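Number of protein chains: 2
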Amino acid sequence: MNNNTKISNAIIRRLPRYRRYLNILRKRGVKKVSSNELSELIGYTASQIRQDLNTFGGFGQQGYGYSVDHLYKELNKILGLDREYKTVLVGAGNMGSAITKYTYYYKIGFNIVALFDNNPALVGQKVNDVEILPFEDLEDFVRDNGIDIGIITVNQESAQDVADTLIRGGVKGIWNFAPIDLEIPDHIAIENVHLSESLHTLSFLIRSKELEREEENN
Amino acid sequence: MNNNTKISNAIIRRLPRYRRYLNILRKRGVKKVSSNELSELIGYTASQIRQDLNTFGGFGQQGYGYSVDHLYKELNKILGLDREYKTVLVGAGNMGSAITKYTYYYKIGFNIVALFDNNPALVGQKVNDVEILPFEDLEDFVRDNGIDIGIITVNQESAQDVADTLIRGGVKGIWNFAPIDLEIPDHIAIENVHLSESLHTLSFLIRSKELEREEENN
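Residue numbers (numbering that gives the first Met the number 0), protein chains in the order written: chain A, 0 to 217; chain B, 0 to 217.
Just so you know, these hints were derived from the structure itself, not from any lab.
Hints are supplied without guarantee of correctness; some may be wrong.
The list makes no distinction among identical chains, and a pair is therefore deemed to hold if it is satisfied within one copy or across any two copies.
Stated by the list, open to error - Below, simulated BS3-like cross-link-like pairs (lysine-lysine); rule was C-alpha separation at most 27 Å, straight line:
id, residue 1, residue 2
1, K85, K208
2, K72, K30
3, K72, K208
4, K26, K76
5, K208, K76
6, K31, K85
7, K30, K125
8, K125, K208
9, K100, K30
10, K125, K76
11, K26, K72
12, K76, K100
13, K125, K31
14, K30, K85
15, K72, K85
16, K72, K31
17, K100, K26
Note that this is a predicted model, so its numbers are computed, not measured.
Can you build the whole structure from these sequences, using the hints too?
Below, the structure written as structure tokens:
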């Protein structure tokens, strides 16, 4: 077993955030940064930051801090961002089109090479020069083109079938926007974006803050 | 201080998931459920589930389990979903339109009553019967219409300005899709959907599973 399998979900969530801030510093021309400076910027404690980065080997030097450029590049490697991923998206409706344009706009190394949909009215159309192909071609396309990642933006009723097809074709990971938890074999990576649960978290926080204010006023 | 303020972020993330599964059970006509049955369904341990639900008062009965309908309704109250939220969305581009249609499609109690954009070509158009208004009207509109939530789907350069305007108008919460951490006063609820960080988490998981396989094969 390698070390990565023991890394907690909480750290995994923090890593992309570290990377984002290091990228900002890098673009500003900052050369080095201490864990205290990172703490002020990111909001985690300095000791949390040192501990997180030590998990991956520790990139800082006592009395110097971290080299921004070096740490940024190391985080890219750790995050698997030192390469490109061939990606397909299934479900070329509103959300699918928006996600396609988003990944294109941000040029984030996840190249969507084809879209798939079972709606004949959409097949043959293009989103950002990427063609929409019929769903029945999905499995062969994934296999023949060595697709790494499948993005699922279909409804919840179809999502498991889409996932199964992507996996038969040989994808390594799935980015799922359908509001269900997919059944996925252990060797496949899965990341969910559950928008309605995110909204429910927001309403929980709104209610909590209202309750706080009411109690303060009593 | 009320109890909600002490609730950990991890529990807050799990609550919408409990609600989602209880809704599935409710729709299937299931009347009661044990923590063990919930555990099999949701994937958390039974003791985790009992502990989480006890945080809010404990809704189960020894030897009986949980009443599905009762627990579902209690979770709705806890999540602040026993009411409707008046919502505006700022940034009526691809992602903004997709989010508007998504909340409309899922009818999840967050009624988007107006869209805003600073692009004159978009102003006056409609998405799902909701009109796109000019950005300069945002603050007054929020104040005059008692808007609860602002959804931000503009680019990262404009997002802080949009958030400041929404807050001056009086929103209680912000659902932010821009890839930055907004500076928000303590009394405002904030929930981020950072899509590129979600993708980076996926690539981390893909890389981790590849490393696992390589080590197993050695």
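Hint check:
{"no.": "1", "hint": "K85 x K208", "verdict": "between (43 Å within a copy, 17 Å between copies)"}
{"no.": "2", "hint": "K72 x K30", "verdict": "within (13 Å within a copy, 53 Å between copies)"}
{"no.": "3", "hint": "K72 x K208", "verdict": "between (39 Å within a copy, 21 Å between copies)"}
{"no.": "4", "hint": "K26 x K76", "verdict": "within (19 Å within a copy, 45 Å between copies)"}
{"no.": "5", "hint": "K208 x K76", "verdict": "between (39 Å within a copy, 14 Å between copies)"}
{"no.": "6", "hint": "K31 x K85", "verdict": "neither (34 Å within a copy, 45 Å between copies)"}
{"no.": "7", "hint": "K30 x K125", "verdict": "neither (43 Å within a copy, 47 Å between copies)"}
{"no.": "8", "hint": "K125 x K208", "verdict": "neither (45 Å within a copy, 33 Å between copies)"}
{"no.": "9", "hint": "K100 x K30", "verdict": "neither (33 Å within a copy, 44 Å between copies)"}
{"no.": "10", "hint": "K125 x K76", "verdict": "neither (33 Å within a copy, 44 Å between copies)"}
{"no.": "11", "hint": "K26 x K72", "verdict": "within (13 Å within a copy, 49 Å between copies)"}
{"no.": "12", "hint": "K76 x K100", "verdict": "within (25 Å within a copy, 37 Å between copies)"}
{"no.": "13", "hint": "K125 x K31", "verdict": "neither (44 Å within a copy, 48 Å between copies)"}
{"no.": "14", "hint": "K30 x K85", "verdict": "neither (33 Å within a copy, 46 Å between copies)"}
{"no.": "15", "hint": "K72 x K85", "verdict": "within (21 Å within a copy, 43 Å between copies)"}
{"no.": "16", "hint": "K72 x K31", "verdict": "within (13 Å within a copy, 52 Å between copies)"}
{"no.": "17", "hint": "K100 x K26", "verdict": "within (24 Å within a copy, 36 Å between copies)"}
Consistency note: the structure conflicts with the earlier hints numbered 6, 7, 8, 9, 10, 13, 14.
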